[in-house]
Structure formats: C-alpha cells, structure tokens
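Participant: Put chains B and C on the given structure of chain A with help from the hints.
Chains as they are written, first to last, in this note's numbering: chain A, 1 to 372; chain B, 373 to 641; chain C, 642 to 900.
Watch out, some of these pointers could steer you wrong.
[Claimed, not checked] To spell it out: a stretch of chain C is covered by chain B in this simulated footprint if at least three of its residues, at any positions, have a beta carbon under 8 Å from a beta carbon of chain B; those stretches are:
hint: 1; stretch: 665-671
hint: 2; stretch: 689-701
hint: 3; stretch: 770-778
hint: 4; stretch: 787-795
hint: 5; stretch: 853-863
[Unchecked claim] To list a few chain B residues with every Cβ distance to chain C over 12 Å, as calculated:
hint: 6; residue: Arg430
hint: 7; residue: Val433
hint: 8; residue: Val506
hint: 9; residue: Gln511
hint: 10; residue: Leu532
It should be emphasised that the hints constitute simulated quantities derived from the structure, not laboratory data. Where a beta carbon is used, it is the ideal one built from N, C-alpha and C, also for glycine.
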Amino acid sequence: MSREQITRGRRDFMTTLGRGGLAASLMGGGVLGAWGAMNTALGQPLPGPLRIHGNPVATRDKDMKPFKQQYDVDLQIQLSVTHTETVTRIYSGATKQFDLFTLQHPFIKKLARDRMILPIDESKIANIDNLYDHVRRPEWAMHDGRLYALNYLWGYDSVVYNEKHLPKVDSWGVLFEDASRGRVAWRDDPLQMILTAALYMQKFRDPNNLSETDLAEVKKFLIAKKKNIRTMWTTYAEAVNLLRSEEVHALWGWLPMATSLRKEGLRMSYAFPKEKPIMWFTNYIVSKDTQVQPTVWAFLNYCLSDPFTMSMTNDFDYRMGSSRQLTLLPPERIKQIGLDNIPELVRNSYTYLLPDRLDKYVEAWAEVKAAS
Amino acid sequence: MPACLLLTFYLVIPIAMLIVMSFYRSTLFGVVPDFSWNNYLHFWRNPMFPNLLLRSIRLAVTVTAISLLVSYPFAYFLARGTRRFRTTLLILVMVPFWTSYLIRTMSWLPILGIKGVVNYSLMTLQIVSNPVEVFLFNQFSVVLTLIHIYLPYMVVPIYLSLDRLDGRLLEAASDLRTFWHVTLPLSLPGVVGGIVMVFIAAFGAYVTPKLLGGSSGIMFGNVLADQYSGTFNWPFGAVLALIMIAVVLGLLVVASRFTRLDAVFGARA
Amino acid sequence: MTDGRARSFLRIYGAAVYVFLYTPIVMLIVLSFNDSNSITLPWGGFTWRWYRALAENQSVFVSLKNSLTLGLMTAVISTVIGGLAAFAFRSRFRGQVAVMRMLLLPFVIPGLTIGVALLLLFHALGVRPGLLTTTLVAHVGFTLPYVFVLISTRLHRFDESLEEAAMDLGADEITTFWQVTFPLIRPGIVGSALFAFTLSFDEFIRTLFTIGNDNTLPIQIWSTLGSMVSPELNAMATLIVAASFALVIAGELLRGRER
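Chain A on its own, in the form it takes in the complex (with noise of 0.2 Å):
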C-alpha cells in the first residue's frame, strides 16, 4: 500500500470512528450538539479548497459552516443560475474550475456517457444507506452499472395556491380553465408548461416525447388558454411576489413557495394534480478533472447527514436524499411534507425527461408567447 493510500485509510477509520460519536451524540444534544461532538471526535483536515457550482439553497452560510470546521477545509461556491447554463459551462471546460457540480436527473447519463463525471465511490460516502429507496440506484443515474449523481434534493411541482380565494384544488385544470380568468399565473419554462398541458391533456402516450402533431396540438392548447393568465413567472421570487399581492391566485410552483408564505400566515396550499404532478431530482455530481477526492466524497456524506438534512427540512419543507426524515420527524410533519406513502407518491408523478427534439418544444414555446 503506497502512503497515500494509508493515510487515506486511516482517515477513512477515523470518519468512521467519527460518526460513531455522532451517532451517539444525537440522542442527546440538538444539531448543535451533535457538531460540537463531531469535532472533538474528529480533526483531520482534508485536501481543500472544495469548488462547488452549487444551489443557493443548498450551500446556504449556516449549513457550510459546519462542514467547514469541521474538516477544517476551505468552500469556493458558485451559485448556478440554470441547468443549461452548467452543462454548457461543463463542456466548456468546467470541470478544471470545479469538484462539484449540482444538477437536476435528466442531464445526467449524457455527462456519464461522455465521461465528463467520475461515478460515485460508494464505499467512501457512509451515509449513502440513508437515501431514500427510489433515488438510491435510479435509473437516471445509472450508467455501466455504476452511480453517477448523488441526491440530495427531490420533489415534484404542482400548483401553489391561495385557500383563501379557490376551493380545494386537484388538477392542472386551475392553471388553463377560463373560470381563472386572469387569476392564475404560468411558469415561463419551455418544457416545464408543455409537459403540465400534456399532462392535463390527458391523450399522450409520451408527454415527455411529443411528436411533432402532438407537440402542435398542445401549443394550440396553449395558445388558446393564454388569455386566462395574469402574467408568467421566471425566479421563485416573482412567484411569491405574485402570490403575497395576491396579484394571482394559483400559479405553477414549488412546495418551498407554499411553505414560505405559510409562515406569514397565509392558507397556501399545494395540490396534487389528478392527472399527475411533475417530479424531479436535484444531485450532485463530481467533476472528472477534481484533485480532491476525499473532501468530494466527505461532502457528499455531508448531504446525506442528519444536520445538514433537518435544517433544510425545517426550513423550507423540502424532500432530502436522506430517508433519515422518516426517523426523525413527527407523524404530522411526514405527513406535511408528504413522506407518509413514498411508492404511492412515485408511482403517481411523472418524472420529467428532456424530450429529443427540445428545441421544438423551446421554438413552440416561443410561439405560445408571441401570440396576441
């Protein structure tokens, strides 16, 4: 063994033997209890900086100081702005400027395919158990039989909406009947509309892959349903903006929205659409050219850890890799967020995939826009 490889090892000892204390220290203490253990228990420092091209959400200040001290390792991040903009970049050269990427499931076996991202080393990420079962070997992630993306952030997007002013909603429908008119808002995404109205369409073996008469029919749908919307959104902010002026009523969006205005005491409220919501998976996925290895692999293992995963659960109410929130949240809070039935949940979203031809989705799409 050359001494690079026992030094690794040891290191790899000493995590283990680290988590172990962890482990025993959540009984007790609170998240900051669990750290202060971590760092007695620990000390040694990794190969650093660690360059992460990441979601702001996820590398919020509060959640990397702990990984910082921790290990004692510097954190570069960059805040990405869209998946295009990463891939792009990626191929572009990238992968010499970063160790981590964070990107959404369909982008992923294409990288894998072009050897642009090293697979996932299993055996170094401790925590990798703690996945839920659906995103712990899924098949967007799969390639040659290998892992390539870790997860650490899943869900799927339907429509927010105010209670105060629609009764329960259960379907797409609030977003395209006329009896919104002028109440509800669209999300000014290509792929994202066209699959909702796919879906709502209800007549599609393949939404996710419309042919070319198909992809006519829905734009004509599109066209057609435009003039009930107020306005279509692009940031998350202008999402909740909409719905805080009550400007709109109903809007394609994201649970964190609902969770955000909640807290403000309005009576948001997130359906589940009948005809299926439209379900996704936020990863990180290592760099082919990262010269730090061990502090990837501790990062990841990071993600998949308790602090890490409740501060984001309480904060915006989303759905972890880790399955840990199963344990560690009450009954109601499951229920809340909507863990209670995973395979029930699974089994009714439809999972988004980049259709083949995405540039007559993106050309329809300008279409359904530049129509009075």
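Facilitator: Chains B and C alone, transformed into the frame defined by chain A:
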C-alpha cells in the same frame, strides 16, 4: 500612435468572436460541424421569427423616441446647473443603476400591481372603484421599464455634448430660435450617440419583456436567448445573432446617409 | 417664454425625472424594512431583521467586493483605451471607417452570444476563466464602444486652436495635454468612466459565461432569487444606495473645503 496599437490589439476580440460564430453557423445540430443552410431557412419557414423581429424593431423605436423626448430636457437641465454640482447630479443619475437590475425590476410590482401604490392612490382618490390591471404585465410596463433602464444611455451623451457649449448659449434656452438653430445642432453628436445606444439596447432587450411583459412578454432577443439557455441549439442561435447584427448595421448604414454618422464619431470630414 | 420661466420649468422637469428614476429605488428601500418573507406589499410591519440577516451573510459581501473590483478596473481600463481611441480618431488615418465599424461592433452583438462565444474561445485557447482575467476582458470589451461614443461626442469639432496656441508658446505635448486638453474633456472622461462602471457593475449574462469560480453580485442575486426569496438582498441594495449617497455628500463637503 499608441492608440492605433491598442485598437489593433482590441480588434482581435470581435473578429475572433465572429470567427467562432461563423464556424458553428451552419451546422445541423450543435455537435456536428457540417455545412448547411438549414438554419437560415428555418428562420424564414416559421413566420414567428420575422414577426418578432419587426415587433422588436417597433418596440425599440418607441422606446428610443420617448427616451429622447424625456432625456433631452433633462440633460439640458443637468448641463445648465452650476459647475459645482454637475458631477454630483450626474452621479445621482447613475446611483439607481447600482442596485441590482432584478431587484429594481421586481419593485415595479408593488407600484403598478393591483394592490400596488398606484392603484391604492387611484382608489383612495376615488378615481376608480376597482383596481386597474392595465399598468402591469403588458407592453406599457415593458416600455416604461425600458425607458427607465436606458435613461442614462440617452442622458449622458446629450449632457456631454451640451456641457461643452458656452454657458451663455445654454442660458438662452428661452429664446427658441437660438435653441433651434444653434444649440440643438451643436448637441447633435450627443443626440445621435444616445439614439444609437438606446436603440441597440432596446432592440436586444429580452429580460425586461420576459419579467414584465405578462403572457406575451417575448421579443426577438428572447428566441435568441432560448437557443443558448433553453436548449443547445447554438448554430441557430448564431444565425439569429447574425441577423440581429445585420439589422442594426443596416439601420446604421441607412442613418449615416442622412446624418453623416461618421462625422459624429470624430472622423474628419 | 421668459428666461425665468424657462429656468423654473427646467428645474421642475429635472426634479420630476429624478422622481421617476428613483421610484423603484424608494420602493425597494421601503421593502427592505418590510416584515414579510416576500419582497412586495402588503406591508407587514417595520423590522430590522433583514439587515441583521445581511450582516450574517458573508458570501454577499464577497460578491459585492468582486463586483466593485471588476467594475472599477473595467471603468479605468475601458476609459483609457476608449479615450485614446477617440483621440486617435481626430486625425485621419487609413482604414479609419473600417476601424470605427469594428470598434462599434460589440455594441451590436447580443450579450448572450458574446458570452458563449468567449467561453468557447477561452476553452479553445486553454485559458482558465477568472474574475480579473477573462471576465475583465469581456467587460472591457462590451463597455469600450460606449466609452468611445461618449468621449467622441465630447471631442467632436474640438477646437484645436487652444492646443496649437499652447504649443506655439513652447509647451511640449504632454504639458499641453494636461494643462489645456485634459481639463476641457474631463467631464467626458468622468462621465464615461462612471458609465462604464455602472454597466459593468450590473452586468450579468456576459459575466456568467466568462467567470471562473467567483460570484459577482448580479450572479448571486439572480441565482438566489431563482431558488428562494431573500429580502436581505433588498437590504443590500439599500446599503449600496446609502453608501453612494454618503460618498457623494462627502465629495461635496471636501470640495467645498477646497475653495
């Protein structure tokens, strides 16, 4: 001449970029560099593209015209101020644009929205009994915001060309004849500069229409942006970009027939 | 129209335009004190909590520092190059019109296209993207035509007789420049530099594709508001406005003392 050397060095950048673009220009689908005119044909096959092009030109003309009318008197006001305060006043024009674009743009919702300040005032003054939706998420809010954002683009060049003039000339503003025959022509370089800058900016604008345009908030710039940020169709994006460039250059050529643009930018007659 | 009336008309008009300019700014300042998770009305009560949250948010200040550094460097470099170019254009030289068209080209190329094109170019050249390398190039590139136009309008039909007179009296080129030419064009230089800084400070799309590992303020804001609401960003914007006003006032006071 040191300037020439610097210029030659700097020219590498636009030329290199054009080369990169034309290399990809006529490929079939992003990864395959193959020569084909498909992408150009595609532009004409779908009437939406030429329509959006015209729409964007119309929008740019509207924004530029209103901006000119609004900015000229303002630049005049700035140029007339006591020398001491001029820089300060100019900086105060810029300060709003040191706040982030996105935050500024989102601030229009509580102003123009149905529960916003404008509607609130209208209802309190009993001018209307129900909130009016017409202030936001349509062409009006897009034009208003574009004028707001590009105000410095028109004000600063006009101010710079007025500021150069003799103070007494500016004082004589009340004499309309002096103004029309002397002051205005002397400030023409600034006016032309401002028109060019605002037009090009407004023509290519796509974020503002997207955020404030409501259900039809799309301009030519959006379809261009879509090719890079919605999908990976860079070759078609390059085509659209080249078309935009061609339109603007074409308009500049036409304009220079009428106004001797080249003279404006210093080339000796 | 009498001169007095023209004067007051202009003053009122000027004030009205300032009001228009500052309307969204006043709103965002007000909202930074709003006790609400969203950055909009209705008013939820007065609070300092967003300023407290901002104080704990280290990464925003790093981004601010990056944006300031980038903006200042862009302003300086762009003004120098653009100014020299504008000067070069005062006398004829071969290919002048062509060079001018080249110089104005970046105006016309949409930001997104340039961003991606530069990304590919740097990748092909093997240049590692970085805040003060590639991003600076992109920023100088796109602010240069603006600076050139602004300084050119200032130089238009510039009266060279003053310069000639100075040189006849024995001053060399450099002295002539500093004592005669420069003061006359100084507002143009200052205005252009301010403009270049403003353009760079708020630039998002070109930065996104040419930057290395860092964040600038626009990137941070776009990314954050794309995933969560963050009224502390309004607090940040308010502080920027306040700091700018403070600088302006300080500048005024200093200048007053000079007299």
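Participant: Each hint needs a verdict: does it hold in this structure or not?
Facilitator: Taking the hints in turn, this is what the structure says about them:
no., hint, in the structure
1, 665-671, "holds (count 4)"
2, 689-701, "violated (count 0)"
3, 770-778, "violated (count 1)"
4, 787-795, "holds (count 7)"
5, 853-863, "holds (count 4)"
6, Arg430, "holds, 18 Å"
7, Val433, "holds, 16 Å"
8, Val506, "holds, 18 Å"
9, Gln511, "holds, 18 Å"
10, Leu532, "violated, 5 Å"
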